[in-house]
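Given the structure of chain A, go ahead and fit chain B onto it with the hints provided.
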Amino acid sequence: MLANRRQFLGLSAAGAAAVVTSSPARAAKIKSNARIVILGAGAAGTAAANRLAERLDGAKITIVDARKQHLYQPGFTLIAAGLKPANYSVSGTGDWLPSDIDWIEEAAAEIDPVAKKIVTTGGKTVDYDYLVVATGIKLDFEAIEGMSLDLIGKNGIGSVYAGPDYAAKTWAEMDRFTETGGVGLFTRPGTEMKCAGAPLKYTFLTDDYARKKGTRGKTEIIYAAHNKTLFGVPIVNEKVRMLYEDRGFNTVYDHVMKAIDPGRKIATFATPDGDKEIGFDFTNVIPPMRSPDVIRNSPLPWTDKWTDQGWVEVDQYTMRHRRFPEVFAVGDAAGVPKGKTAASVKWQVPVAVDQLVAQIEGRESSETYNGYTSCPLITQVGKAMLIEFDYKNNLTPSFPGIIAPLEELWISWLMKEIALKPTYNAMLRGRA
Amino acid sequence: MKDVSIGMFIAVFEEIFGAGLFWGMVAAAAAILLAFLYLIVRDHKLESRRFLRAELWAPVGALAAILFVQFWTNSGFTDIGGPIDVIVLILIGSAGAIGLTILAYVVPSLLSGRRSA
Chain A
655 MLANRRQFLG LSAAGAAAVV TSSPARAAKI KSNARIVILG AGAAGTAAAN
705 RLAERLDGAK ITIVDARKQH LYQPGFTLIA AGLKPANYSV SGTGDWLPSD
755 IDWIEEAAAE IDPVAKKIVT TGGKTVDYDY LVVATGIKLD FEAIEGMSLD
805 LIGKNGIGSV YAGPDYAAKT WAEMDRFTET GGVGLFTRPG TEMKCAGAPL
855 KYTFLTDDYA RKKGTRGKTE IIYAAHNKTL FGVPIVNEKV RMLYEDRGFN
905 TVYDHVMKAI DPGRKIATFA TPDGDKEIGF DFTNVIPPMR SPDVIRNSPL
955 PWTDKWTDQG WVEVDQYTMR HRRFPEVFAV GDAAGVPKGK TAASVKWQVP
1005 VAVDQLVAQI EGRESSETYN GYTSCPLITQ VGKAMLIEFD YKNNLTPSFP
1055 GIIAPLEELW ISWLMKEIAL KPTYNAMLRG RA
Chain B
55 MKDVSIGMFI AVFEEIFGAG LFWGMVAAAA AILLAFLYLI VRDHKLESRR
105 FLRAELWAPV GALAAILFVQ FWTNSGFTDI GGPIDVIVLI LIGSAGAIGL
155 TILAYVVPSL LSGRRSA
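Chains A and B supply the protein sequences, listed in that same order. Numbered by our numbering, the letters in the first sequence go through residues 655 to 1086 in order. Numbered by our numbering, the letters in the second sequence go through residues 55 to 171 in order.
Excised from the complex, chain A in its bound form (with noise of 0.2 Å):
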């Protein structure tokens, strides 16, 4: 039988039809009254206050943060290397965020969870049934002697982690030194940070660029780790101590940055055999990191670990508050082993989401995080090795057997400059 236009054209229709209608429904929202509080509109608060409000009917939302810039801070790697502008990571903080909830414009000054309420710098007191801690983390230049953030773009410094703008001036003198050559010298923190395997990157980049430039045999670099490892996970510690040998750096352990004389392109370092001195004509100083001040005067961070830090004392499987147990804290300020990265609160929201539901419903909810973490580990432009891994330090991978974690792989490249920005968007939307 011969099929004519119009059947063809109705057949069609019937089967996109059939797609749309087999999509699956939305799950109810739970109706409830509760005043939930949300502190830090960043990677975590803004998909708890999306994925919330998409839960429930009725709950009075309110989030908290003075910026009105939202960073994507895993972009920065990219801005300090040349290859995206510094706007490739800056957005609206209200483009974000569900309607429906409140935005008061301020930071907070004060959490108090034994009176269920917070107070912000502008004086208002705002109190809660549930608080959901996201503030982030505070870049402690201060603890550097000699450190600040007009040093950055100027005598061989830069910073990567400082934002959008000092990526860029890090790039600018990353350029310049690759021109030259010299020594580049390499850093990480002595305290827990927000991807650990940014300062490795960033090392990898800058003798990328000394190589295609012709620099390389000019260039010295060093890597100066805090402890005697180069990244946590022994496994992947291994494979990035092979790629170091292999790119000819020199390796300096148990080596933590003290302070820093930009006039003489000096930096000092602790060390157990004491003070070391290390010249530079380009260095990456990524600082101390520790809890915002508002989370380490309060009550909330751990007594009997990270004392020096403040990280919120947390259950590390449901992100829930081990004394106040309707506190919650996702991202960087939660005191869990591992997870400062975006992939992490990626996982960790949705937990803490269900888990604050269920709490509100009186039922128990089996979601937990299980340490996921994800570090597209750059080696060069066009290559990187995407590793995963949890708490137990195992490998995680997304794709097993497609994907091999510790190879230097195009694909894992062309994830994280086509597909991490886009999921991590969709991650704010609470769509991913």
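Because the hints were derived from the structure by calculation, they are not lab data.
In silico lysine-lysine, DSSO-like type, Cα no more than 30 Å apart, as pairs:
hint, chain 1, residue 1, chain 2, residue 2
1, B, K56, A, K1046
2, A, K792, B, K56
3, A, K959, B, K56
Taking CB as the label site, the calculated pair distances span:
hint, chain 1, residue 1, chain 2, residue 2, range
4, A, D754, B, V95, 45 to 53 Å
5, A, N891, B, L117, 35 to 43 Å
6, A, E760, B, L91, 57 to 65 Å
7, B, G61, A, R950, 33 to 41 Å
8, A, K867, B, G78, 38 to 46 Å
The C-beta atom is built at its ideal place from N, Cα and C for all residues, glycine as well.
Leaving out everything else, chain B in the frame of chain A:
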């Protein structure tokens, strides 16, 4: 990753291209594919001559797709690091080749109107 689902991939693609462009491209691809199937149904066969001519576009489509990805990203042929990279390269090339071949078959067929059997 915690959840690898179709919904997440759709959300990611919507973020990459913007929802309008993404669904527009999906609709365009679907329309071209439907037109291709329609032509086969209409003509009772795959016009071998026309298809052979369309196939000449395949290498162009393959190369264009690969170069487009390399242009769009800061990477090139020297970044191929392992077997999966070669497979990805082949898949990108194949997508470009098949896409352009079908397009090259469909457009002249539709423009020239119904062929006599």
